[in-house]
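Asker: These are the residues of each chain, in order.
Protein chains: 2
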Amino acid sequence: MSGYAENEIQKLSQDELKNLLKKVRGELAVKQQVIKEKNLPVIVLVEGWGASGKGTLISYLIRDLDPRFFQVIPVKPPTKEEKRKPFLCRHMENIPEAGKFVFLDSGWMEETVFDMVDGRFSDDELKTRLHDINIFERQLVDNGYLVLKIFVDVSKKIQKERIDNLLSDKDTSWRVSKRDLDEIKHRSKYEKAFSEFIGATNTKKAPWHVIDGSKKQLAELQVYHLLVNGMDNAIKHKDEPVEIPDNVFPLVTMPKLCDVPLDVSLTKEVYKAELKKAQNKLKKLHNKIYRMGVPVIIAYEGWDAAGKGGNIKRLTSALDARGFAVNPIASPDVHEKNRHYLWRFWTRLPKTGHIAIFDRTWYGRVMVERLEGFCSENDWKRAYNEINEFEKNLSDWGAVIVKFWVHIDKDTQLSRFKERESTPEKQWKITDEDWRNREKWDDYEIAVNEMIEKTSTTFAPWHIIQSNDKLYARIQAINTVIDAIEAKLKVLKK
Amino acid sequence: MSGYAENEIQKLSQDELKNLLKKVRGELAVKQQVIKEKNLPVIVLVEGWGASGKGTLISYLIRDLDPRFFQVIPVKPPTKEEKRKPFLCRHMENIPEAGKFVFLDSGWMEETVFDMVDGRFSDDELKTRLHDINIFERQLVDNGYLVLKIFVDVSKKIQKERIDNLLSDKDTSWRVSKRDLDEIKHRSKYEKAFSEFIGATNTKKAPWHVIDGSKKQLAELQVYHLLVNGMDNAIKHKDEPVEIPDNVFPLVTMPKLCDVPLDVSLTKEVYKAELKKAQNKLKKLHNKIYRMGVPVIIAYEGWDAAGKGGNIKRLTSALDARGFAVNPIASPDVHEKNRHYLWRFWTRLPKTGHIAIFDRTWYGRVMVERLEGFCSENDWKRAYNEINEFEKNLSDWGAVIVKFWVHIDKDTQLSRFKERESTPEKQWKITDEDWRNREKWDDYEIAVNEMIEKTSTTFAPWHIIQSNDKLYARIQAINTVIDAIEAKLKVLKK
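In order, the protein sequences belong to chains A and B.
When the letters of the first sequence are read in order and numbered with my numbering, they come out as residues 1 to 494.
When the letters of the second sequence are read in order and numbered with my numbering, they come out as residues 1 to 494.
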């Protein structure tokens, strides 16, 4: 816990305090230009007691900021729809673009503490939740975010006074929630939960700052200082490499690509019979997972012209169109590039009971972004762990995760490229970029082998699809999905 | 109502039908490449009775489509949050990008018909709703969308059989909703509402196609034909100019920019006193509109360096940070440019009780896009009416709409540009583009005058802010907002 030398401020006269406030407010307004230039994204999480003045504090803080470069988000309890996504999903959605501020009027702390107080967690669930939050915040900081966490503390007496005051006027009484009243009634229960949360999530990279909310100007002054210092610090250390942790996840041993046999095939007759059988099975399973609320995430990666598109189509044509979505992933749009690289995947996750198919995925980070230099070496080396953390989170949430590397050999790719070039209705499928990528085959193979080795966790292993024969590959993929779903349903039945 | 020559198909043998289906399915798959090349966006709205086979029909239709180029959206009843936005908002959100399909499993028809059956409309409200839907569809078509509207009809007998069948298996019984059962029970009430809706929204540009859902293959075949013909037709007429309707909205007479006096100013003392008074008033009003659920939309346009930013800041610093958002509007991102030009504004509307401030707006269409040739002449000439329709919709919804043209003269702009260039912390505010725009001042003045003349409706008039003196301008703007909100509250109290 850090902050401003409070003793000294306490001694200031009202006028001195006013001048000091004006000064730091001006400093922040200037600093605002710097974060824009340096592309620093800033998250200010303001948590605290009901009626502690969180909203007022934020209103003060933004007073001299350019409204084009910040957003204030009042975070409400999750809706029914939001509850059908992983807990962190809606919080991840709120993160700012590089060069902008987001002020959150409560967030993942309040949501979690209320669940704690309401007794909605088992011990294990709470442990997982707190762990996930620490990972979330650490990933943000490691990816260049300044995460400033403020807890506005007020005594029970002051909280009660303020609530009574709000209740006395019909234009403000709607601001008082049932929860606010409950906090007063069961103060010690909430106190315990708030401290447990703060204790468990007070990390070096994203420490808590507990601010006394009883004197609003002092609180404001402290937060200004925290913000200005935090920004200075973040800018200073912006491009420093981050320590890359050792792997902590259970891994499955995988073969190297060159050791995967590709001389497997199916006759057209066998293929047709197998496909029909598998599609019927998958169709039934789709109903089951919907009913049981199991989310399914299917990730496709593979060589250009390996047959991903046709493979996906055989999968989706067995599915009820209302229960799945295919997300084609191209290079990120501007508003995506300006955020954590996993943001555009967090925001495309399926609801419980639905299937999301990704045609190319978050693994772009350790393939194309690595090889084309779109991110730093430290970025992609760190990404293996970050991605494993991401998938662990999804797996803990209950998702079935199936990851495909659709594999062909270099000769097969060449003949498919040539076929595309000579077939009018396939020409759109082949671009100069495909040829350029082909030249880097060997580099890609190194990257893919490393990726498969480091991210084949027991909860989200890679499956190498043998796709020199597309028919074989389609049956292999669809059966892999069936097996994964059946395994999950079996566990759930126990 | 159009379709396929049904008599002829009825006579086909099962094998002939199968071959025909295969053929048209192939045609659609090929056509899919064409819509991508021609950048045609296609909306297929599938409405109909519960258990009429809408979902199955969509699943068939997409079977041979490339999953990267379509999306199936099952539209559910609106959530509480969605109900705090205009009715069309969530439907507008679902429209596809150019070159892609969206298949909607029910949409604005079902939502409206259920409201009709449940008696949630007064006569006037229903009339407005149906009118809004016609405008919505017409705007989509005029802006290059193919809107294909299918109603899948089945007899009461077949509907009941299918529902009983679904109910008999626990893996499918969840598909049957209370509403489905109600449709059977009160068949004639629903029949009446469905036909009234179809009758009122069956337009030349977006006609209804009623399909017999009792024979699935025949239904599928008909829709394929509708789709293929619809796409051919849309591509053929893609770049033809659209007829521009006469103005139908009540207009306020506005002065030309050159007739607006700019020699008004305030002393610093008067400004400070006035600002304090106005901000206090606005603060109280913000509580009131929140409580009464009134949405407020404030649109800022104006010359470069007219002082929009500072003006907005004085407004927002009076507001509770949790109840407003400032939307800075720059040139559209790729996913925005690929949709109806109002899409990115529809998706940024405030909830009831909230304030949305737009720093630059949808009027870009008739200013920068007109002058830089980013849209066709027909596009921007049509936009006056489209924008008036948009704002009328928001006004009918209950929104307060305040539109500002922040006005300065050419000399004032020059001296502010120069000041920006010579002040280090303001240099980021001035770019080459600003200088280029300045060269086109006269063209802009013509466009702005035309815009103000044609879009100053009684429900959303322009306010010209005299901003040679920024202090005067700020007080003028904030008081205009206060007046508009007070006028609205007065009407609501009656």
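These are computed hints drawn from the structure, not numbers from a lab.
As the structure is a computational prediction, the values presented were derived from the model and not from experiment.
Treat the hints with caution; some may be incorrect.
Which copy is meant is left open, because identical chains are indistinguishable; a pair holds if it fits in one copy or across any two.
Heads up, simulated DSBU-like pairs for lysine-lysine below, C-alpha to C-alpha not over 30 Å straight-line [stated by the list, open to error]:
1. K281 to K204
2. K22 to K490
3. K31 to K440
4. K454 to K85
5. K215 to K283
6. K494 to K156
7. K178 to K272
8. K392 to K38
9. K272 to K192
10. K337 to K313
Asker: Are the hints correct? Go through all of them and say.
Answerer: Outcome of the hint check:
Within a single copy, K281 and K204 get their C-alpha atoms no closer than 50 Å, and across copies no closer than 44 Å, so neither meets the 30 Å cut-off. In this assembly of identical chains, the alpha carbons of K22 and K490 never lie at most 30 Å apart, being 64 Å within a copy and 38 Å across copies at closest. Neither within a single protomer nor between protomers do K31 and K440 lie at most 30 Å apart by alpha-carbon distance, with minima of 43 Å and 34 Å respectively. With identical chains, the CA atoms of K454 and K85 are at most 30 Å apart within one copy only, with a shortest distance of 27 Å there and 46 Å across copies.
In this assembly of identical chains, K215 and K283 lie within 30 Å of each other by CA distance solely across copies; the values are 21 Å between and 62 Å within a copy. Taking the shortest Cα distances, K494 and K156 never come within 30 Å of each other, neither inside one copy (47 Å) nor across copies (42 Å). For a Cα distance limit of 30 Å, the shortest separation of K178 from K272 qualifies neither inside one copy, at 61 Å, nor across copies, at 39 Å. In this homomeric assembly, K392 and K38 never come within 30 Å of each other (Cα to Cα): the closest approach is 32 Å inside a single copy and 42 Å across copies.
Proximity of K272 and K192 under a CA criterion of 30 Å is satisfied in neither setting, with 62 Å inside one chain copy and 46 Å between copies. In the homo-oligomer, the alpha carbons of K337 and K313 lie at most 30 Å apart both inside one protomer (29 Å) and across protomers (28 Å), since each shortest distance falls under that limit.
The structure is inconsistent with the numbered hints 1, 2, 3, 6, 7, 8, 9, although it conforms to all the rest.
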